[in-house]
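Asks: With the UniProt record's numbering, letter number 27 in the sequence shown gets 27, and the count goes up by one each step, no holes.
Fair warning: there could be bad hints in the mix.
[Said to hold, decoys possible] Each pair of labels, with its calculated beta carbon distance range:
hint, residue 1, residue 2, range
1, 15, 52, 12 to 22 Å
2, 8, 64, 32 to 42 Å
3, 8, 39, 32 to 42 Å
4, 10, 58, 12 to 22 Å
5, 59, 10, 19 to 29 Å
6, 14, 65, 30 to 40 Å
Hints in this document: simulated from the structure, not taken from any laboratory. Where a beta carbon is used, it is the ideal one built from N, C-alpha and C, also for glycine.
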Amino acid sequence: RFDRCIAAGMEYEQRNERIIKKSPSTNSGEHSSSSSNNDSILLRIGIIYSASIDERRRRELKLFQRL
1 RFDRCIAAGM EYEQRNERII KKSPSTNSGE HSSSSSNNDS ILLRIGIIYS
51 ASIDERRRRE LKLFQRL
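Let the hints inform the model, and build the full structure from the sequences given.
Replies: Below is the structure:
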């Protein structure tokens with residue numbers, strides 16, 4: 001299950017890189033601003049997501065230390 005989380009995180013990062021590469025090529029003003037807003041929301045979600053993975057890993061380490 002944990003491996004799947006990591007894989008999903010990597011997939012997210014790759015998708016985000018692709019979006020960032022794509023966004024400068026769209027030169028229509030409104031569209032590009034809305035897409036960049038979308039990117040920042042995605043980025044925030046990604047940061048929260050990776051933080052939650054780190055937290056889970058820390059908890060798992062604590063559990064292993066108790067055993």
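Asks: Each hint: holds or not?
Replies: Do the hints match the structure? See the list:
1. 15 <-> 52: 12 to 22 Å: Holds - the Cβ-Cβ distance for residue 15 and residue 52, about 18 Å, lies within 12 to 22 Å.
2. 8 <-> 64: 32 to 42 Å: Check failed, 23 Å falls outside 32 to 42 Å.
3. 8 <-> 39: 32 to 42 Å: violated, 18 Å
4. 10 <-> 58: 12 to 22 Å: With Cβ atoms ~20 Å apart, the hint holds.
5. 59 <-> 10: 19 to 29 Å: holds, 21 Å
6. 14 <-> 65: 30 to 40 Å: holds, 33 Å
The earlier numbered hints that this structure contradicts are 2, 3.
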